[in-house]
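**Student:** Sequence:
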Amino acid sequence: MTIALHEILKIRILDAIRSVQPPGGWKVVVVDEASLKIIESACKMFDILEEKVTLVENLEKPRQAYQSLDAVYIITPTYESINKVIEDRKNGPLYAGVHLFFTSRPDDRLLHMVDSSLPKEYMRQRHDLFIEFHAKEAHVYSFESPSSFFKLYSPADTEFDNELRIIAKKLLSVCISMGENPLIRYQRSLDSDHATKALPYKLAMLVQNELDSYVRLNPGFPPQDSPRPRGILFIVDRTIDMYAPFLHEFTYQAMANDLLPIENGHKYEYNYTGEDGTQATKEAILDESDKIWVEIRHKHMKDCIDKLMKDFNEFLTDNQGFAEKDKAVNLNDMKKMLATLPQFQNMKEKFSVHLNIAQECMSLFERERLAETATMEQNCATGHTADGAHPKTLVEDMVPLLDNPVVSSLNKTRMLMLYIMYKNGILEEDRRKLLAHARITLEENDALNNLTLFGIKLLRASKNIKKNKKYRQKPSDDIQYEISRYIPRLKLVIESHINGQIDHTAYPYTKDPTGDPDGSKGTQQGPVSLRSARAGWYKKGQAVENRVGRIIVFVAGGVTYSELRSAYEISENEKLKKDVVIGSTHIITPQQFVDDLKVLRTRGYAQPPVQPQFQQPQLQQPQLQSTPPQLPPRQGLPPKPDNAPNYYIQPQPQSQQQQQNRYYPGGPVVDMVDINKDIHLLDIPKDNQAIKHKLKLHMAMEYHQINQINNMLIFKNHLRLVHHHQQVHQNLNLNFLKSLVNIKLILF
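By my numbering, the letter at position 737 of the sequence shown is numbered 737, and the numbering carries on one by one without gaps.
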């Protein structure tokens with residue numbers, strides 16, 4: 001039976017603590033912040049205290065001396081942590097002795113620092129645990145390093161090589177903890193041109209060197225009595241599938257993390273009805289200890305709701321006194337009935353968490369029109385409609401969604417990205433029109449532009465250029481839900497490896513494999529398209545020999561929840577019985593990935609706002625602006641007078657339809673209430689009535705053209721009014737400045 005990854009990590013940690021047997025039996029455990037998070041991913045505090053541990057202390061905080069007890073230090077091999085250990089002995093030792101365990105092997109400089117500062121009689125033992133990763137789930141590991149995304153892909157970053165070395169050491173920890181010296185395959189980008197296309201190769205070679213060095217120093221590794229064949233480590237980067245990070249997923253775990261504010265993938269706050277009927281906010285932990293979560297997290301949301309309803313009704317039937325009650329037929333019924341069961345507190349809390357998640361997700365699904373959005377996304381990602389036809393009306397289907405204010409700006413951005421990737425770039429004119437419909441923010445436009453760093457083509461010069469077909473997926477009869485048709489490319493890569501049909505040119509080994517570890521002898525028929533070929537083990541009646549050992553997958557730069565689900569689906573296939581473990585630098589949601597793309601060129605830091613240079617107020621009358629390009633009329637706006645200037649004053653809209661149409665064809669729109677009313681409301685001191693009169697004249701001039709109001713400049717894309725005249729700046733009070741915000745100038 002396969003051992004879950006968090007159980008493997010837990011065993012290694014507890015074995016290290018258990019190995020310390022001081023004369024008195026009891027000991028203290030000291031951890032730093034980084035190692036504590038690793039430990040918490042696999043162990044409960046109760047598990048540690050069970051090993052005759054009196055308390056667990058933080059290395060970075062002041063601690064009380066226990067000179068009669070030995071201390072078990074479990075720390076990361078950093079200068080700061082090692083220096084803290086040394087300082088613990090400077091003013092008299094805090095503990096009777098030290099047992100030093102590093103989460104990974106320190107470099108020679110740090111080892112010398114330890115050996116030269118801690119005498120042997122004080123440092124009882126020193127070991128490397130190789131646990132430098134977080135066990136997120138039974139088949140999922142993570143390095144919890146979102147900053148790696150910028151270090152690996154930002155052109156402004158200079159830490160690329162160093163980050164690869166750090167990741168290689170952490171991957172060594174994963175392999176050693178699992179008892180694997182795997183063969184390594186890596187992604188080779190054959191048809192993509194981007195700055196980091198050599199990333200998988202460089203990382204694969206570093207990991208290979210780390211493994212070779214460890215095996216030389218530890219001849220007994222890996223264990224020779226293991227019944228499992230030699231495993232495979234796949235190293236790929238985020239470019240393996242650029243559709244997956246943007247698609248809406250409607251399986252339970254992925255949908256919840258996409259739509260709800262779930263912290264770090266497992267902390268969820270919800271409203272809970274207590275025994276006395278009062279409402280309270282509670283925090284739930286969604287992890288392996290929650291059996292309902294484990295059972296439904298990879299099911300489609302509809303199936304999850306059906307499962308929750310079925311289990312709840314079975315509970316009512318199994319408990320006396322509830323058999324006569326009506327069955328719950330929807331989530332609202334279930335919620336009302338839960339409130340009437342104060343005597344079943346544990347069951348009530350367990351169901352309430354997932355009831356709230358399901359209700360919130362479905363509410364957002366309806367409110368944000370995700371069914372229509374997802375259909376558009378799936379057509380772009382798969383290259384065909386639900387009927388298997390070529391999508392010929394993508395633009396016609398997309399434009400109403402881009403114009404709809406109900407659709408969030410984030411979802412519009414995701415839709416545009418998927419469409420541009422499907423088209424392998426679009427014409428500049430088409431892009432300008434789509435952006436005019438979508439009205440996404442400047443930051444989201446930056447995210448769109450930064451796709452080029454991953455080899456995505458945004459623009460093309462001619463309509464005659466053929467679309468990129470490398471991601472096209474053939475229609476399948478096995479798909480149950482039309483809005484969940486896309487199969488992550490990573491899943492197809494793993495399937496093709498198991499099936500012996502992988503393209504060896506696209507996924508070569510770091511070393512020539514001995515024997516036939518992937519079971520491909522006699523079955524290799526040449527490279528096949530990972531998108532167009534069905535995995536052979538789907539065919540009825542075809543037996544596939546279990547020749548492949550454990551498969552470890554690493555995605556550099558973030559892994560999606562759909563890819564995590566794919567690893568479970570292969571692992572749980574009864575015919576294959578493969579053990580697929582997947583991990584990354586971190587786990588990403590669509591929101592997080594878009595946010596990271598926004599600032600990718602600036603190494604993860606937002607650009608500071610541009611501060612315009614000071615300009616002296618001009619005494620002459622403001623000059624007319626040049627007329628901007630004419631655009632098609634927008635429905636719902638009043639006609640523009642023939643003699644109206646470029647800047648046209650429109651009364652502030654009263655209806656929702658008018659509020660949605662904020663742009664006027666032929667010139668920017670200045671939305672403002674009646675000028676006299678505005679001027680009257682401005683809280684200007686009496687001795688500044690001249691300023692008030694001058695402002696009114698400028699606002700009324702030539703259909704209230706506003707270009708430059710004496711001592712104020714209006715900056716493009718920022719609703720700012722900057723005062724330059726010193727006297728005005730001193731006399732106008734705060735209320736006057738706040739009132740000026742009502743004047744909004746929108747420039748094309």
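No lab work stands behind these hints, which were simulated from the structure alone. Keep in mind that the hints are not guaranteed to be accurate.
Derived lysine-lysine pairs resembling DSS-like cross-links, with alpha carbons at most 25 Å apart [said to hold, decoys possible]: (1) Lys291 / Lys267; (2) Lys282 / Lys350; (3) Lys84 / Lys61; (4) Lys392 / Lys348; (5) Lys197 / Lys10; (6) Lys10 / Lys37; (7) Lys350 / Lys291; (8) Lys457 / Lys511; (9) Lys61 / Lys44; (10) Lys169 / Lys37; (11) Lys307 / Lys282; (12) Lys350 / Lys392.
**Student:** Failing hints, ascending?
**Tutor:** Hints 4, 5, 8, 12 are the ones this structure does not satisfy, whereas the remaining hints hold.
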